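Novice: Residue numbers (the numbering used here), protein chains in the order written: chain A, 1235 to 1568; chain B, 1235 to 1568; chain C, 1235 to 1568; chain D, 1235 to 1568.
Be aware that one or more of the hints could be misleading.
Which copy is meant is left open, because identical chains are indistinguishable; a pair holds if it fits in one copy or across any two.
Said to hold, decoys possible - Keeping only pairs whose Cα atoms sit at most 20 Å apart, straight-line, the calculated EDC-like set for lysine to aspartate or glutamate is:
id, residue 1, residue 2
1, K1371, D1511
2, K1371, D1506
3, K1307, E1290
4, K1543, D1374
5, K1277, E1243
Calculated from the structure, these hints are not laboratory results.
Just so you know, these numbers come straight off a predicted model, no measurement behind them.
Protein chains: 4
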Amino acid sequence: MTIVEYRPEPSEFVWTFGGAPPARKVKPGDVIRLWTEDCYAGKVRSEQDLVSQVCEFPFLNPQTGPFYVDGAKPGDTLALHFVSIEPARDIGAATTVPFFGALTSDHHTATLQEALPELVWLYELDRQRRTVTYHAKSADLTLEFPMDPMHGTVGVAPAAFEARSALVPDSHGGNLDTPEMRAGVTAYFGVNVEGALFSLGDGHARQGEGEACGTGVEVAMNTVLIVGLIPGMLTPWPRLESDTHLMTVGAARPLENAYRVAQVDMIGWLADLHGLDHMDAYQIVAQAALAPVAQVCNPIYTVTSKIDKSYLPARPAYRGTHAELREQAAQLLR
Amino acid sequence: MTIVEYRPEPSEFVWTFGGAPPARKVKPGDVIRLWTEDCYAGKVRSEQDLVSQVCEFPFLNPQTGPFYVDGAKPGDTLALHFVSIEPARDIGAATTVPFFGALTSDHHTATLQEALPELVWLYELDRQRRTVTYHAKSADLTLEFPMDPMHGTVGVAPAAFEARSALVPDSHGGNLDTPEMRAGVTAYFGVNVEGALFSLGDGHARQGEGEACGTGVEVAMNTVLIVGLIPGMLTPWPRLESDTHLMTVGAARPLENAYRVAQVDMIGWLADLHGLDHMDAYQIVAQAALAPVAQVCNPIYTVTSKIDKSYLPARPAYRGTHAELREQAAQLLR
Amino acid sequence: MTIVEYRPEPSEFVWTFGGAPPARKVKPGDVIRLWTEDCYAGKVRSEQDLVSQVCEFPFLNPQTGPFYVDGAKPGDTLALHFVSIEPARDIGAATTVPFFGALTSDHHTATLQEALPELVWLYELDRQRRTVTYHAKSADLTLEFPMDPMHGTVGVAPAAFEARSALVPDSHGGNLDTPEMRAGVTAYFGVNVEGALFSLGDGHARQGEGEACGTGVEVAMNTVLIVGLIPGMLTPWPRLESDTHLMTVGAARPLENAYRVAQVDMIGWLADLHGLDHMDAYQIVAQAALAPVAQVCNPIYTVTSKIDKSYLPARPAYRGTHAELREQAAQLLR
Amino acid sequence: MTIVEYRPEPSEFVWTFGGAPPARKVKPGDVIRLWTEDCYAGKVRSEQDLVSQVCEFPFLNPQTGPFYVDGAKPGDTLALHFVSIEPARDIGAATTVPFFGALTSDHHTATLQEALPELVWLYELDRQRRTVTYHAKSADLTLEFPMDPMHGTVGVAPAAFEARSALVPDSHGGNLDTPEMRAGVTAYFGVNVEGALFSLGDGHARQGEGEACGTGVEVAMNTVLIVGLIPGMLTPWPRLESDTHLMTVGAARPLENAYRVAQVDMIGWLADLHGLDHMDAYQIVAQAALAPVAQVCNPIYTVTSKIDKSYLPARPAYRGTHAELREQAAQLLR
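Given these sequences and hints, build the entire structure.
Specialist: So, in structure tokens, the structure goes:
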């Protein structure tokens, strides 16, 4: 196994999917050990570091990449298997930012109201106990939530000559902000340009479903992933596979459209895997799919559809890619 | 404990929340053993029984009730604790109905396209093994899903002199269609009229999140519930409590508004229970709340917010109503 | 011509469509001279009269009616021709109300922000010069806008045993808040219950498209209308006809669904009138329909579709009802 | 006056805003005589030329440009005054495209339904009589609509290092598809990058409000415009000014957000021009703004807000730019 190491300098951060030259070239089968900075570009270090003061638009949500994958071309599917995603610091920061988040007006849900207060909550991350610790500001209350590290942002260069801000999710992936993007999972993306040009960032030590305040518990990450390539298979929207679930992610507004996109894609996937027509697959989704909200704060919203693999006959998706990469990951961890 | 038994005749079905005279009078603390017909008014018995042919609008989603609760008045909260919800038949029916469901145009998301095929899937319900069995029509595929019985529709008479169709959810409850409305759960509703006038129906042997095709595995139910009343406590939107979770249900369109309503209500609830300001409670919701979609098919959509009670200090909600009713339920089951 | 006069006492106001007994019985062809109170039930008389202090929910938007129309039955269409709509006072009031309006969060678009300031603007109405006069509060600025009187709320009893708040529009009409509901126009509504049971109210001396602040220039109205009945013709959504335009009104959320409903209904109407298939009628709508937003503040939003009758061959809609009622109105005004 | 002529070859078409090198350099005050190809890249010439067969994604909606404006820098406003917009052919084509348009499911409003029929309607354009002529396919019906030429797509390079498909509108302009973008109008755009890099295309001989079928009467255009630059003035969203109206365009989903953005921007504009606070300007908008839907078919929807300038005291917007460019245009036409 070739192991590629990459820790970008701040000057090497990228701010878009598409429109940036490759940082590294990799091959299918390569392992990448990389580091990602947090969504604040590392500038929120204390409760006094308000985003609107220490960060400068558009230098938000820096990505590590892009990685050029040898042989990847439009019409293929890129598979990224997350071997491990581990916080690289002991403190994570969640913030409110004026006119950003699900429970405030924002630049699209425009109102005449004042912004909510701008605040920073620092969470202690205990990597042994796997906890993140919250401290209330208005009362003497300390809470521990389970640590559940994930990448909010993973994606490839978009189609149609576009370069999209890393703050936005769409069919190319990007700022999906689903807590399902955790270690042990394989993420699939349709390749739009030669080399796929994938990047990732925006680590969260955890987040609630919907990412209501606009951020998770944001932290730099040390991440190990394995690159796979499935030639000649289209993937219209981002998909995920774990040992237990098949998952699709829809990105759209309003939120019901994100739900629809995720479910229609799941129906297509199930129909293909199990030789069903769409109405039969619709019925499986209607009675058996979970549909957690992913985020309701970015310019485009996301919803995840999840099907328990144990409900279905064993039919390897993507020619068995997940099992194969899982096995490779196991060797790596041995 | 007074036990009230009620099995409505078809002529006694009610089709609205509000606008119907009480079927029975009950007192706080009473146990009700009732039966609810399925959403098809029992008319879908075979795969040939297409809803558009055997059912007649508006005679859909019959409710059992309303129950007049002695002493309930506007400003109080009604608590309904579900002791048991058990399918009353061995077969459940899921259907597609022209221009109804999440993945078709409908009367509001109006398009010029043809309707999807109208179909009936019959599921065998095994009450011992706790499974519901699906048969594909287009392939030789049989799947077993876990049985997880619930009521899609529970609510009280609405405010403002309204009578609302039982097909619609709103702040009075109604057709919420959240799979969280299962046995072991206490549901809270704000009382809008004297006697509260609650009804329920629309049993599902299970449903996926979002109820994508427009129905769950619909079946008549034998249900036992205990009535509680919390005087002088307002409940703005339906709330649920289980042994493990606090839950709120938002009902609105577009779906992001249902999410917002559920989360803002959860924030108010947490702030009250734990003496927090709204920004601190917002942060807890942002990092710790789950947000499964409930349904995306009714005239108003629903999203549930869930907080794990183990994350929080023990503070009994609604003056300990859930624990009390749970204890009463335990006696009943003994 | 029978002329029915009706000026309700405050105790006779109705607050819902459906669920109220008839105030008067009328026959097709009857003229009704009626008076409607303003949406504040007449309680906002000075800039100190804040809605949240002087009005009491749900006693908002009082309706005059309902009128029982002899012979009207489900499947028929009710036609209401507005002969005149004239302000009954010299002052109209526009207000902001906490968490109500298009440019604030509200009970459905729920956020954690503070409400906007609650204010009253009084407009002088000059019925000779046909102007309404605005005075800014924050600057020395006085503006005159054209008077354009209309009824925000007109409708019939809804289907499915419902009673709907007069604050809500839907397929039965209700709080449509389209400025097209002015004198000279015939409004068509599908009849859902025997007698149709129509009501009206919510006069505006004028309003902007969208009714952004939540109110128009609200004022009591003296209105003369003629009642028509078209037996055996269905009207799925409210329609309007003037001498120059055919109009449909869609009511739904999100706003694109209100647009869709209005356009699909217009397509059906044009297809019927001109013997076209839906694709050809779609094309006419696509290139020739106007689509002004009606309101973005009520629990359900509305959009109007308008087609210039001069673009189309003369084919009388609804068997020539508009021309006939227009002629009857002309006699009345002679 | 410098007059710049530019007629791109097909190989010079650009498909994005941002991400393309300048085609020409111009100076403020320059007149540009340019030609734009239609949205089909000229490939739909007969009723047999179905878009899905003759066009190839993403080679749709070719733009003429970009033009680099000397001295334009972020923080400035670019003004484009349309002297004339004239169809360059005698035939315009409107089409339906599978899963594109307001009255069909699409890639975001995803359903399982079949696509609508794919059709082409050819319109004869009479540049003397100023008419466009429609022929029904399903009946013997020919209609004449007024010719009202416009550009569907005008914009500058976006911020945040993005390159956006010419099919998408947003705060940089792009595929706004408002019929208000006609000759005699000055369009204002905030400059995001050095040189502004504006492009335009997508001529329509006319379109209905909402562009329901997904296209207007599409045609190549000969267009004359004058370039203006207002240094040091921000323009957050596209604005338009005619001799009679101030206009803003909001771009967002759902459609109510496009409405909100347009109205909030209008409020800011009026408040600045007339020294009002936002509540007073809100009131003017609420009672006096028109709000026609622009389009409901692109990935992001648009709504226009319009205020009649005659309602307001004369205060030149943008330091009198419109009047100045209008005067320059008059000289040109003399």
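Novice: Against this structure, judge whether each hint is valid.
Specialist: Hint check results:
1. K1371 <-> D1511: between (54 Å within a copy, 8 Å between copies)
2. K1371 <-> D1506: between (51 Å within a copy, 15 Å between copies)
3. K1307 <-> E1290: between (35 Å within a copy, 18 Å between copies)
4. K1543 <-> D1374: Answer is between; shortest inter-copy Cα gap is 18 Å, intra-copy 43 Å.
5. K1277 <-> E1243: within (14 Å within a copy, 48 Å between copies)
The structure is consistent with each of the numbered hints, conforming to all of them.
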